[in-house]
Amino acid sequence: MSSHQQDHDASVHDVLPEDHVPDDPLTGHNYDGIEEFDNPLPGWWKWLFIATIVFAFPYLAFYHGGAPGRTLADSYDRALAANMELQFAEIGEVRADAENVVKFLGKPSWLAFGKTVFKSNCTSCHGEEGGGKVGPNLTDDYYKNVKKIGDFITVMENGAGAGAMPAWKNRLSTNEIVLVSSYVASLRNTNVAGGMAPLGQEIPPWPEPPEEEETPSDQDAGSGPDNGSEETTGSDEASADAESDDPAAADETSEPDKTTEASQ
Amino acid sequence: MATAERDLGASHDDSPAGKNQWESGSDVLETFSYDDDISRKFAVATIVWGLVATLAGLIVALLLVLPTAAHGLEWISFGRLRPLHTNAAIFAFAGNAIFAAIYYSTQRLCKARMWSDVLSRLHFWGWQAIIVAAAITLPLGITQSKEYAELEWPIDLAIAVVWLGFFGVNFFMTLIRRRERHMYVALWFYIATIVTVTVLHVFNNLVVPLGLWKSYPIYAGVQDAFMQWWYGHNAVAFFLTTPFLGLMYYFLPKAANRPVFSYKLSIIHFWSLVFIYIWAGPHHLHYTALPEWATTLGMLFSLMLWMPSWGGMINGLFTLRGAWQKVSSDPVLKFFVVGITFYGMSTFEGPMLSIKSVNGLSHYTDWTIAHVHSGALGWNGMMTFGMLYWLAPRLFQTKLWSTGAASQHFWLATIGILLYIVPIYVAGLTQGLMWRAMDSTGQLMYPDFVETIQAVQWMWWLRVLGGVLYVSGIVLMCINYLMTWMSRPSQYETPVHQAPRLAKNYAGKDPHPDSQLAGAPVLNLAQSLDRWAKMGWHRRWERLPVRFTVLTTIAVVIASLFEIIPTFLIRGNIPTIATVRPYTPLELAGRDIYVAEGCYNCHSQMIRPMVAETKRYGEYSKAGEFIYDHPFQWGSRRIGPDLAREGAKNSSYWHWLHLENPQAINEQSVMPSYEHLLHTTIDFDKIPERVYAAAQLGAPYDQELEQAPEMAKAQAEAIAAEIVSQGGPVLQGEMMTFDTQAVALIAYLQRLGTDLFATPEAPAAEAVEEATEPAEQPSDEESEDVAQSAIRSDSVRTRLVANP
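Sequences listed follow chains S and W, in order.
Position one of the first sequence corresponds to residue 1 (full-length UniProt numbering), numbered consecutively onward.
Position one of the second sequence corresponds to residue 1 (full-length UniProt numbering), numbered consecutively onward.
Just chain W, with the same shape it has in the complex (with noise of 0.2 Å):
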């Protein structure tokens, strides 16, 4: 049955579409072959990250539910590898199959030869040397925090080069020496991608460097967090969708050997797609401090998002009409169909999932982790599992070795991608009731966090089990691919194509359909808008790659624009709030170190304005409690509680022991023990260079210029004291406690969303040393100007200075 298929494939490359000949205008004819080596590449490239990236995974989803099991291991600790499975999934098992596709398909909608074979080989080995160090970084706790951008400034600087330096570069040069003279849709697609994921990458990742492997972004709070999310959701849409829709153009009529369903679906969904998606990321922040208007925007437009997406779900499932009996015998087919009913089921339950009190529910909670899921597993996962089993034979050129191994995958990671989701919509669901359930007096009805994930406990099981289905499908593909590859001939045969070279000026004509009102007796207007819903236009614009890319950019930047520049330029967005102050050295120290270990994957720092958000985590967060934030720290799940009232919430000692061993202070919990804080040194002498680095960013810091080390030293000193008046050791180790990491994080911890509630004037300093003694302050009332949980204002910097 591959064989057929084969037939199909190679009956085309020798013979030209005699039809688009006489269009090209040009009589000299070219003879060149396609470069499938590095096809190859990146195919296999593909599988062996897919591997890797759902073991990774199934590895944080044991440590969900075995938390206890990394033994307080910092490196395989569940905040520091969950990014590495993210950005494993996208980057290096998506990624690669992308290049695969493009590499494949461009060159033979193209009738040419990438550009250059040297390019080619850069892209795919700076390619696989961003996903090592990417697999070494993050490990180590060297991370930006933005969820899918964690990778440090250099590692960026090198995917910006081979992205747009080698791959990019390459593609677009294949593009304009093709000999075909119209590009088809696939290659609208692979443009998009190009051109926005460039766009994205480059003005999210825009820092200030703090030696090699560290760095703060230029943006702070809400900007951040809308430049984020402008980001985190475009890439869902430009790396995981619009490349995979280039993927299903090309791949699936010809595994289904039939004509695609509609050309002028095609162009509309191509670009209301384009033009729409940019717009849609802030609906990943609705409820939080973003405005309203912008979250409001990004709901509308992923409302409208719903029907652009269909378009390409019913352009290719339309496609296999008339073949659905191919489907149940052909594996490639039947992965494409379930993958572009996933990728239906995804994009219909994003718009929903984007509708404000419909996320109010789902947000922070697991369904947003199934729904990702759906998406990764079901339309990327099945999608690039179909392409590879069709490029198996073609690519080593001999039988693919079991067509029913490749059946067997199918079901496995069928069933699989049902056993993980469907127990997590539950969890997430089961989740988002929880939080917000009040019982009949107004009260929470599960006010302990930890209530509501051992609640959940035994769907995270469930999924192991799903992604143990989905593991052991992909070992199974390995194996497939190896075995096919051992049964290859000796040397493999380079086919030689002829094809005419495109003329300088197109001799063709472009469509110009007649209008049905022609002679009607309708407004010129009229006729006009009948033939241009024709869409004779497009007909020319595929023909001038170089304008076609332009306008895709315009499309995508102007989209964007919309929403940025009045993020930035309205000061309304961001209410001043006098209280806030930038975060002391030492804090800001103890930020990195909670940034380093990934304490976003599972802590939010942003209460919604919801009766029972408020009341378990404490007053709603303010835009104007985030300006010194570099990079913001909302995060998107809460697998533990909110933390951005945290401050001040426990005493410093309980922070001390929690991070020892978490589950001595509550048994359930589910965080790993982060026992190496307390053992690992500060470097105070590196202090300087983050406040120094906060003060370009606009932290209006005075003396902290000079003497950041003493400050800090003297703030851990007290903290630490603190720790030891509460019970806590003097020594931790050979090493005093206030040098501890860990007291630099609990610094930062005691800091967060206190500023709210401090009074700028002296009286707080007073009042923190007078706290033990009762009842000083008679004020009953609720008052902002309450002074005694402010424990860091500037007074109170100035007393640790003075007496450490």
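With the rest of the complex left out, here is chain S (with noise of 0.2 Å):
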């Protein structure tokens, strides 16, 4: 740079003896003793700078160029679609009825799926093992609302006690207000530790699963292959216990959920 600037370098370094004063040239410029170096910008400074300005145009033409599927709501749409191929490729859309519900009664893998939407949406109400809080007990042999096993599909969608219990229809999907009566069908007569009195009346038993749909290999796409086989013997005394109406067979009726759980 100019002579000017080295002398005044000079000077500077006179005035501060310490360490050292860059040689860098100064700008002249005083305030209040505050001198300023006239520096160029750093190189990697101003070209990522460059860099981050120009990113803008191919990401604002890539995602709002107005080429279709790339909007959020796309996005989500195929992520959706995917989380069902997911979970229910295997049943696709089961309509809502009692037969169903009996049918999952017997299928451990998806009484765990069950127990998912259960813990998602019922437990503040029902309690973390279903004996009930605010809600009744589900683990008894008494009910309010339910009186044969496809109740809990009706109670499910549409509510019942003028609201405290709330309807589910347009929070949960046909699947999961199927999978999550089933799921509670499946507490019945567990009486877990704690639970509420009994509340509503005793009803008869449910009706046994069928039998004959039951593979082991028919459960593991929906639950991963690490719990099908296990599952299969408690889906088994499941089904066969689930109608009988002795002590020793409500232990086995929570054979199931114990299982379930341990795959948690």
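Worth flagging that the hints you see were computed from the coordinates, not collected in a lab.
In this text, a Cβ means the ideal position worked out from N, Cα and C, and glycines have one as well.
Just so you know, not all the hints are guaranteed correct.
Taking lysine-lysine and the DSBU-like style, the derived pairs with C-alpha atoms no more than 35 Å apart in a straight line are [as the list claims (entries may be wrong)]:
| # | chain 1 | residue 1 | chain 2 | residue 2 |
| --- | --- | --- | --- | --- |
| 1 | W | Lys509 | W | Lys534 |
| 2 | S | Lys119 | W | Lys622 |
| 3 | W | Lys356 | W | Lys622 |
| 4 | S | Lys119 | S | Lys103 |
| 5 | W | Lys509 | S | Lys46 |
| 6 | S | Lys148 | S | Lys103 |
| 7 | S | Lys133 | S | Lys148 |
| 8 | S | Lys119 | S | Lys133 |
| 9 | S | Lys103 | S | Lys147 |
| 10 | W | Lys509 | S | Lys133 |
| 11 | W | Lys534 | S | Lys46 |
| 12 | S | Lys46 | W | Lys356 |
| 13 | S | Lys144 | S | Lys119 |
| 14 | S | Lys119 | W | Lys356 |
| 15 | W | Lys356 | W | Lys264 |
| 16 | W | Lys264 | W | Lys534 |
| 17 | S | Lys144 | S | Lys103 |
| 18 | W | Lys622 | W | Lys686 |
| 19 | W | Lys264 | S | Lys46 |
| 20 | S | Lys133 | S | Lys144 |
| 21 | S | Lys103 | S | Lys133 |
Quick list of the computed label-pair ranges, beta carbon to beta carbon [what the hints assert, rightly or not]:
| # | chain 1 | residue 1 | chain 2 | residue 2 | range |
| --- | --- | --- | --- | --- | --- |
| 22 | S | Ala56 | W | Arg547 | 28 to 36 Å |
| 23 | S | Leu48 | W | Leu140 | 42 to 50 Å |
| 24 | S | Gly66 | W | Asn524 | 38 to 46 Å |
| 25 | W | Val522 | S | Ala51 | 37 to 45 Å |
| 26 | S | Leu199 | W | Ala664 | 14 to 22 Å |
| 27 | S | Ala56 | W | Leu465 | 40 to 48 Å |
| 28 | S | Ala51 | W | Met486 | 40 to 48 Å |
| 29 | S | Gln201 | W | Val730 | 20 to 28 Å |
| 30 | W | Phe203 | S | Gly200 | 56 to 64 Å |
| 31 | W | Ala664 | S | Gly200 | 21 to 29 Å |
| 32 | S | Gly66 | W | Ala520 | 40 to 48 Å |
| 33 | W | Thr341 | S | Asp77 | 40 to 48 Å |
Need the complex rebuilt from these two chains, each delivered in its own frame; the hints are there to steer you.
What follows is the structure, given as structure tokens:
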């Protein structure tokens, strides 16, 4: 740089003996003793700045250029479809009826599915294990709004007790309603510790799940390979004993719940 | 060592830099002195409020780990105290700090006393009065519920008057009366601060008042959210960044005794920062119902902000070239170095968090909390402490009581920050990952929200520990300041300075750098560009404060309008949803309770279009659902679950019990008890004014305008009847259950997010009544016209009025 500035630098050195002052050219500005170097912009700084500006254009063109399928809503729809596929490829969209509730009562891997739905939405009233809190105990033999197994569907969809039990039709998919119904049905007579006193009336036992569909392989798609074989035994016992009313059977029906818990 | 620095400052005070003298073109020497008393006042206020703000932070941190500690006392519940903590930290602690910095440095950079001592004092006492008003009103639940803009409209008016009328006028008049021809970069940042904060404050706080202590913003839903985060983000930019950069540009070269690294960098990073910052606000609203183009702009401009921010860091750290040995011995420089380093970290992290996919993970988690604390404790805190320790001997004209104690403060603060932010970063990541974790079957791995809170509890304890260290550092500073003050001289000296008055016309020459390309075979354009890049043009602006201010204002306002105008004008931004209806009078009252209690501090009302999120909370939120939300309640943090679709999810009795004692419903819950709502009456006669205000803001009310109290009472009775039929009490103490604020709040909660699924037709009413009877509507699709869960449609309201 110019010799004038070099001179100035030298004088600064004299004033400030400590350490050293870089040799860079000064601007000659002085504000209350503060001076400024006339250094150029650091190259990496300048080019990174330009790069962040340039990046905007392809990004805008890609996401907002009008090409279909690139909005947030589109990508959500795709993700949701993929998730539905992952969850329900095996069973498709089931009809919400008693038959299906009974059917999945015999399939522990799908009961595990129902359990997650239960944990997400039901525990705040019915308790972690279904023993009841604000809502009734689901682990005894007494029911307020259910007389037969299919009633779970209607209670789940539409609610009950003037809103004491909320309606879930808009929150849960039909499959989720069926599966959580099966799960709740499976809790019957598990009589968890610390459950609420029974409410409502005793009702006839659930119908027996159809056994012929139960093969070890058909559960795996739903729950992954690790818990398929184990649960088959549990499910067999559960389906075999579901109808009987004696206390021993009550213990047995709790089996699916336990196995699914282990799988979590 | 402090004395060595004093010498430097003093020597320049006495000899106006001869270099610039000829530029003034005037021989009239004027005599003046600086008003250091005002800087002393602000410095002491900074320390006092710093202690208050961090103690409030410590209390709210404790309330998270000991949720029942408040014993249901509403004035000290988390929802009311958290805004007190944030407002105290920003406006009381950082605010007083920047005023101390600006009053001290502006006078010296302008070679002029502040224009009016009276305005300086009005500013000081006015600001302290505002802080006290905030400290009183916020615990009382008087709030607008917009983050960092919680204060109600009378206080907002006072802020506008004190900020612009006292502070702004005083500052700009001082600029105009200055005796230094050119304005130093610190002053540019002060100008940007004063102008932009005024604009932000005014436009985010436009409200319709309902009485003295309550108001509804004129914006609703999406637009309110946009305005709020335009404000919120730029409050960070222009209250916590630009003035602190100005502070850095003055106090760092002073303390280090070195020239600033690069004047050119100052110019470029100043203008790019001012222009780009304004656009970045929508990155606070990624994946929300804000139109996607706006969030894209928010993200892209945030990325562009990275280098302009780092320009400040570079200019700070590189100014220390050749002075690093001093850093090891001088606590002032230690504070500055760590402060600037934290600035660099958080301004890298900010752009990173603004990338949509990163934000999808980080938003609503503790990550944001860690980010703001690395900025607030690291950048704002450390810069303030450094400045205060540098100022103490100069303001009190004695030696600092203990340099050792200042060093200890430095270590306490540094370790305290790390102990705070590291666990909270981990907590944020943990929460974000747990919320989205799905098992191999495509289901949530942690469906119960409270699991994700329990998982981070021990990290919250570590944060408390970090906070204790940080607060004890401030206590140490208080002692140091007190002792230094005690050894002050009996009477402060007031050095008298002389400088020539600036002539009307500038006799000097603006620099006209030659292009290196002169004579080279290139276009004239290339030469001009080259000359432009040498930035001689800017030197001219620096001696024209009015023009400089106007240009800054234009940069800020233009950038704002580019986003604001489309947000308000494009109808397609907010597609209409026919079933979305205004709140009933009782729900409106309940909503105001939700606002007053600060529920938004822990509960968002915005379900993002992500599978893990819709599985947990229900269908994602749509822009059209919020058109009657004055103010919006989307929130920014989920300490509790999202409530956007809370309506009809739990029974009214459940809500009643949950408000009374959340831990009875869920042992691990960190929600405080809201039992007082069960014991406080709703004033039905105050409901009409809310209805009128809402109607004025566009809610299509009809009979609500005449019969608001009756309708509210009828709905309250219906909900109370529901609660009773579900097992709840008829009387709450002496009071009928339906008279309680809890019932109004429950009415609001039960409405949330239900309109999307409502039918506009009458059958909804029947459906509610028949819900107990199984299977009356055998439609097995998840269609939108399902009426069962939609409790509050028009006809329901009519029915409630008809049969109370």
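How the hints compare with the structure:
For the hint pairing W/Lys509 with W/Lys534, the CA-to-CA distance comes to about 16 Å; that is within 35 Å, so the pair holds. A threshold of 35 Å between alpha carbons decides the hint, and for S/Lys119 with W/Lys622 the separation of about 26 Å falls inside it, so the pair holds. Between the alpha carbons of W/Lys356 and W/Lys622 the distance comes to roughly 18 Å, so the proposed pair stays at or under 35 Å and holds. Taking the CA atoms of S/Lys119 and S/Lys103, the gap is about 21 Å. The hint holds against a cut of 35 Å.
With a C-alpha separation of about 29 Å, the suggested pairing of W/Lys509 with S/Lys46 holds against the 35 Å cut-off. A hinted pair counts as satisfied when its Cα atoms are at most 35 Å apart, and S/Lys148 with S/Lys103 qualifies at roughly 14 Å. Of the pairs offered as hints, the one joining S/Lys133 and S/Lys148 holds, with about 23 Å between alpha carbons and a cut-off of 35 Å not exceeded. For the suggested pair S/Lys119 and S/Lys133, the alpha carbons sit about 14 Å apart, so the restraint of at most 35 Å is met.
Restraint check: the Cα-Cα separation between S/Lys103 and S/Lys147 comes to about 18 Å, which is no more than 35 Å; the hinted pair holds. For a cut-off of 35 Å, the pair hint linking W/Lys509 to S/Lys133 is broken: about 83 Å separates their Cα positions. For the given pair, W/Lys534 sits about 14 Å from S/Lys46 by alpha-carbon distance, which is consistent with the 35 Å threshold. Between S/Lys46 and W/Lys356 the alpha-carbon distance is near 25 Å, which keeps this suggested pair within the 35 Å criterion.
With a CA separation close to 21 Å, the supplied pair S/Lys144 and S/Lys119 stays within the 35 Å bound. Under the criterion of a C-alpha separation no larger than 35 Å, the hint pairing S/Lys119 with W/Lys356 is consistent with the structure, at around 30 Å. Proximity of W/Lys356 to W/Lys264 is assessed by CA-CA distance (about 33 Å); at most 35 Å being required, the pair is judged to hold. At roughly 8 Å between alpha-carbon atoms, W/Lys264 and W/Lys534 fall within 35 Å of each other, so this suggested pair holds.
Only pairs whose Cα atoms come within 35 Å are accepted, and S/Lys144 paired with S/Lys103 is accepted, the gap being roughly 23 Å. The hinted pair formed by W/Lys622 and W/Lys686 meets the criterion: a straight-line CA distance of about 31 Å does not exceed 35 Å. Of the pairs offered as hints, the one joining W/Lys264 and S/Lys46 holds, with about 12 Å between alpha carbons and a cut-off of 35 Å not exceeded. Annotation: proposed proximity of S/Lys133 to S/Lys144 holds, straight-line Cα distance about 14 Å (limit 35 Å).
The hinted pair formed by S/Lys103 and S/Lys133 meets the criterion: a straight-line CA distance of about 29 Å does not exceed 35 Å. A hinted range of 28 to 36 Å holds for the C-beta pair S/Ala56 and W/Arg547, which are about 30 Å apart. Distance hint for S/Leu48 and W/Leu140: a CB-CB separation of about 49 Å, consistent with the stated range 42 to 50 Å. Checked against the given bound of 38 to 46 Å, the beta carbons of S/Gly66 and W/Asn524, roughly 40 Å apart, stay inside it.
A hinted range of 37 to 45 Å is violated for the C-beta pair W/Val522 and S/Ala51, which are about 25 Å apart. In this structure the supplied range 14 to 22 Å holds for S/Leu199 paired with W/Ala664, their Cβ-Cβ distance being about 19 Å. The given range of 40 to 48 Å is respected by S/Ala56 and W/Leu465, whose C-beta atoms sit roughly 43 Å from each other. Between S/Ala51 and W/Met486, the C-beta spacing of about 55 Å breaks the proposed range 40 to 48 Å.
Between S/Gln201 and W/Val730 the C-beta distance comes to about 26 Å, which sits within the given range of 20 to 28 Å. For W/Phe203 paired with S/Gly200, a C-beta distance near 58 Å keeps the hint of 56 to 64 Å intact. Distance hint for W/Ala664 and S/Gly200: a CB-CB separation of about 23 Å, consistent with the stated range 21 to 29 Å. For S/Gly66 and W/Ala520, the Cβ-Cβ distance of about 44 Å falls inside the hinted range of 40 to 48 Å, so the restraint holds.
Remark: the range hint 40 to 48 Å for W/Thr341 to S/Asp77 is upheld by a beta-carbon distance near 44 Å.
Consistency with the previously given hints fails for numbers 10, 25, 28, ordered from lowest to highest.
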